[in-house]
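Visitor: Each chain, letter by letter, is given below.
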Amino acid sequence: MSDAKAEILKRIRTSLGDHPQPAEPVRNYRKVSDKSEEEVLEMLIDRLVDYKANVYQETEETIAERVSELLGKSSRYVVPTGLKSEWLPKDTAARTRLVDSGNAKKSGALGVRELDAVDAVVTSSTVSCAETGTIFLTSNPDEGRRAITLVPDHHICVVPIDTVVELIPEAIKRTNFDQPVTMISGPSATSDIELIRVEGVHGPRTLDVIILK
Amino acid sequence: MSVTQLGMPQVRHGVGNIFETEPFPQYAKRELKNEQLRANLGFATHKIRTKRAAVTGELPDWEDLRTAGSMIKQKVMANLPEYLEEFEKNFTARGGHVHWARDAHEANEIALKLIRAEGVDEIIKIKSMATAETGLNEYLEENGVYAIETDLAEEIVQLGDNDRPSHILVPAIHRNRTEIRDIFRRKIEGVDPNLSDNPAELAEASRFRLREKFLSTKVAVSGVNFGIADTGTMTIVESEGNGRMCLTLPETLITFMGIEKILPTVEDYEVFLQLLPRSSTGERMNPYTSTWTGVTPGDGPQNLHVILMDNGRTAALADEVGRQALHCIRCSACMNVCPVYERAGGHAYGSTYPGPIGAILSPQLGGIENEYNGTLPYASSLCGACYDACPVKINIPEVLVHLRGKDIDAKKAKKGAPTQMDAIMLGAKTIFSSGKVMALAEKGLPLSKIVTGKDHKISWLPGLVGGWTDYRDIPEPPKQSFRNWYKKERPSESKRVSGERVDIAALLEKNKDKAAEAHAAAEAAGVDVPAAVTQEAM
Chain A
1 MSDAKAEILK RIRTSLGDHP QPAEPVRNYR KVSDKSEEEV LEMLIDRLVD
51 YKANVYQETE ETIAERVSEL LGKSSRYVVP TGLKSEWLPK DTAARTRLVD
101 SGNAKKSGAL GVRELDAVDA VVTSSTVSCA ETGTIFLTSN PDEGRRAITL
151 VPDHHICVVP IDTVVELIPE AIKRTNFDQP VTMISGPSAT SDIELIRVEG
201 VHGPRTLDVI ILK
Chain B
1 MSVTQLGMPQ VRHGVGNIFE TEPFPQYAKR ELKNEQLRAN LGFATHKIRT
51 KRAAVTGELP DWEDLRTAGS MIKQKVMANL PEYLEEFEKN FTARGGHVHW
101 ARDAHEANEI ALKLIRAEGV DEIIKIKSMA TAETGLNEYL EENGVYAIET
151 DLAEEIVQLG DNDRPSHILV PAIHRNRTEI RDIFRRKIEG VDPNLSDNPA
201 ELAEASRFRL REKFLSTKVA VSGVNFGIAD TGTMTIVESE GNGRMCLTLP
251 ETLITFMGIE KILPTVEDYE VFLQLLPRSS TGERMNPYTS TWTGVTPGDG
301 PQNLHVILMD NGRTAALADE VGRQALHCIR CSACMNVCPV YERAGGHAYG
351 STYPGPIGAI LSPQLGGIEN EYNGTLPYAS SLCGACYDAC PVKINIPEVL
401 VHLRGKDIDA KKAKKGAPTQ MDAIMLGAKT IFSSGKVMAL AEKGLPLSKI
451 VTGKDHKISW LPGLVGGWTD YRDIPEPPKQ SFRNWYKKER PSESKRVSGE
501 RVDIAALLEK NKDKAAEAHA AAEAAGVDVP AAVTQEAM
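Residue numbers (our numbering), protein chains in the order written: chain A, 1 to 213; chain B, 1 to 538.
Hint data in this document are derived by calculation from the structure and do not stem from the laboratory.
On a predicted model such as this, the values are computed, not experimentally measured, just so you know.
Ideal Cβ positions, reconstructed from N, Cα and C, are used throughout, including at glycine.
Some hints could be false.
[What the hints assert, rightly or not] Straight-line C-alpha distance at most 20 Å; calculated SDA-like pairs for lysine to any residue:
(1) A/Lys31 x B/Trp62
(2) A/Lys5 x B/Leu112
(3) B/Lys457 x B/Pro477
(4) A/Lys52 x B/Ala54
(5) B/Lys29 x B/Ile474
(6) A/Lys105 x B/Ala54
(7) A/Lys5 x B/Thr296
(8) A/Lys105 x B/Lys457
(9) A/Lys73 x A/Pro89
(10) B/Lys218 x B/Asp103
(11) B/Lys75 x A/Leu16
(12) B/Lys457 x B/Ile431
[To be verified] Some, not all, of what chain A presents toward chain B, calculated at C-beta under 8 Å:
(13) Tyr29
(14) Arg30
(15) Asp46
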């Protein structure tokens with residue numbers, strides 16, 4: 001044990017010489033939603049729009065077309081290896097899909113400068129909390145590593161409808177913290193200048209959310 | 001490191017930016033003249049306050065969350081050694097390195113050593129109170145390493161020469177857009193010389209400046225919002241994406257963490273993830289929250305270091321009343337509701353931690369007897385708004401009063417002799433405890449004319465009582481006392497025998513029916529006197 005560690009632990013124990021015995025925390029806050037699926041979905045959309053995200057509702061049949069429209073005709077975009085290719089439009093002469101291997105050390109991974117040069121990223125997501133308008137990305141194969149949803153300026157994020165919950169505790173329960181987790185609530189934003197909210201500083205400036213039924 | 005002898009055991013206070021540099025009243029008096037600062041702060045605190053009220057009001061279980069948050073923090077403090085060791089074990093098992101620092105100097109030294117090991121002389125930084133507390137940027141600069149602040153507000157403060165943060169959430173709130181544009185035009189190389197003062201354009205200028213730094217810098221330094229003991233997880237909340245950049249792209253991440261930032265489990269994290277953003281920015285959730293549990297191959301920094309820092313926290317922990325200041329999650333809700341902060345501004349508090357929480361945290365971390373920290377517990381009206389706003393229910397007014405007591409004790413211990421205040425109190429005791437002496441003292445009232453100015457106000461008094469007249473005028477005292485006036489007007493009234501106690505119960509019994517009789521008489525006369533009086537008074 002380092003000297004500093006031993007000394008700090010000793011100091012703490014000395015400072016707690018009165019042996020405080022606080023009660024076990026009371027958790028009367030809401031842990032399970034009492035709302036219907038429709039209400040929860042409506043709430044999520046309301047909150048996402050409030051954060052200046054664009055929200056679309058699609059089905060397995062219509063999603064590829066929507067992604068195509070959001071990407072535009074000519075773009076270079078990146079997707080993680082595990083993303084369902086059925087969700088994506090066919091490449092055109094002017095549009096290129098790049099697949100990131102999900103591990104910066106493996107071949108097939110894009111360098112940061114390559115990521116900086118792409119126009120957009122398309123990913124899925126693990127769980128979304130309606131009450132706060134927050135989408136959880138937990139590094140699953142269809143979400144990819146953190147850098148791919150960070151460096152490109154445009155993020156198209158798919159939210160399967162069965163991953164929508166109302167409350168933070170419900171979302172936390174579905175999250176595996178062994179992997180890196182990024183929670184996003186709208187696009188990058190700042191309020192540092194005269195408290196005026198500006199969307200887009202260093203993260204993606206556009207967030208398109210596709211709710212997949 | 002300063003050591004305060006309080007018998008056994010020794011209390012070890014911290015060092016760094018946790019001191020008031022001059023007496024609060026003196027600094028505040030100067031800041032009060034800064035119209036721009038007051039206008040900006042007034043606008044900001046009111047705006048955040050309103051937003052916060054709306055988003056906390058929409059949660060039916062807000063008070064339950066506060067209760068849980070407060071209780072979890074009490075549990076953390078009571079079992080701190082166990083949680084810290086558990087965190088260390090789990091963070092290390094996942095490929096991270098844990099360092100322990102007794103104070104700010106030691107924390108800075110560890111960071112410098114780690115940075116030098118990477119062979120770099122430039123690092124990127126996420127806004128962090130812990131590194132502001134240790135004065136890391138200045139220390140690194142003295143040692144040839146430049147730390148680039150990447151949070152927009154911190155960037156503005158850093159680029160503005162000799163500027164300091166004035167709010168823990170929006171550090172550049174004392175600057176307006178034109179000032180910011182001027183700073184950017186002067187300091188950002190290659191920036192559009194016609195850069196306007198539109199906030200969106202200014203944010204774009206920051207993006208332009210920092211993008212290359214994010215893509216190429218090898219080492220990042222951060223603070224942390226919470227560390228979770230049972231998983232070894234770290235988490236940071238932010239808005240701009242600069243945090244994600246620093247946490248994801250560099251090869252090495254060095255995190256400063258106060259030992260009080262530990263949470264036992266992920267279940268506890270779910271409480272604070274709801275309390276923090278709503279209390280802080282008045283948003284339902286901040287745009288980005290990142291968590292990382294050790295090293296993930298191929299994703300994010302592969303060298304993870306955390307520096308667990310005491311720096312006076314154990315000194316605060318030793319105070320049974322004051323230790324609740326360590327529950328603070330740095331949301332800044334208390335400063336946004338504080339009437340003193342709103343007018344005096346953040347700089348007047350000297351330390352990294354301004355506002356009500358700073359007034360109780362700084363004297364405990366750095367010692368109330370050191371520098372001008374003894375003035376901080378008085379920087380409050382004790383209105384209690386901070387207590388109401390605190391998401392973890394820190395009873396700031398209670399601690400303020402407690403620390404005032406400690407300040408008096410510290411001053412007494414320093415001086416040894418009775419203070420002016422002791423003399424005044426002793427005199428007051430003599431005067432107030434005897435009616436005769438009091439009457440005699442009041443005969444002196446006309447003499448007060450001597451110190452009263454033309455405007456019939458006293459604006460200067462000597463000595464300790466002068467502390468009052470430094471900031472207030474006292475109206476001219478009356479020519480005679482009430483006691484004398486009453487004697488003159490009602491000479492026939494019987495005098496109470498000295499020492500006689502009034503028997504309240506007997507008096508009430510005697511007058512029991514008088515009020516009813518008076519009301520009946522008034523009603524009979526058709527006058528509803530009491531009601532009319534009440535209405536007018538309202």
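Visitor: Now, for every hint given, state plainly whether the structure supports it.
Guide: Evaluation of the provided hints:
1. Of the supplied pair hints, the one linking A/Lys31 and B/Trp62 holds, its CA atoms being roughly 13 Å apart against a limit of 20 Å.
2. For a cut-off of 20 Å, the pair hint linking A/Lys5 to B/Leu112 stands: about 19 Å separates their Cα positions.
3. Between B/Lys457 and B/Pro477, the direct Cα distance comes to roughly 9 Å. Compliance with the 20 Å bound is thereby established for this hinted pair.
4. Between A/Lys52 and B/Ala54 the CA atoms are separated by roughly 19 Å; this keeps the pair inside 20 Å, and the hint holds.
5. Between B/Lys29 and B/Ile474 the alpha-carbon distance is near 18 Å, which keeps this suggested pair within the 20 Å criterion.
6. For a cut-off of 20 Å, the pair hint linking A/Lys105 to B/Ala54 is broken: about 46 Å separates their Cα positions.
7. Between A/Lys5 and B/Thr296, the direct Cα distance comes to roughly 26 Å. Violation of the 20 Å bound is thereby established for this hinted pair.
8. Taking the CA atoms of A/Lys105 and B/Lys457, the gap is about 78 Å. The hint is violated against a cut of 20 Å.
9. Proximity of A/Lys73 to A/Pro89 is assessed by CA-CA distance (about 10 Å); at most 20 Å being required, the pair is judged to hold.
10. This hinted pair does not check out: B/Lys218 and B/Asp103 have alpha carbons roughly 26 Å apart, beyond 20 Å.
11. This hinted pair checks out: B/Lys75 and A/Leu16 have alpha carbons roughly 12 Å apart, not beyond 20 Å.
12. Restraint check: the Cα-Cα separation between B/Lys457 and B/Ile431 comes to about 24 Å, which exceeds 20 Å; the hinted pair is violated.
13. Evaluation of the A/Tyr29 hint against chain B yields a held restraint, the C-beta minimum of about 4 Å falling below 8 Å.
14. With its C-beta approaching chain B no nearer than about 5 Å, A/Arg30 sits inside the 8 Å limit, and its interface hint holds.
15. The beta carbon of A/Asp46 is not positioned within 8 Å of any beta carbon in chain B (closest approach about 11 Å), and the interface hint is therefore violated.
Going down the numbered hints, you'll see the structure goes against 6, 7, 8, 10, 12 and 15, while the others check out.
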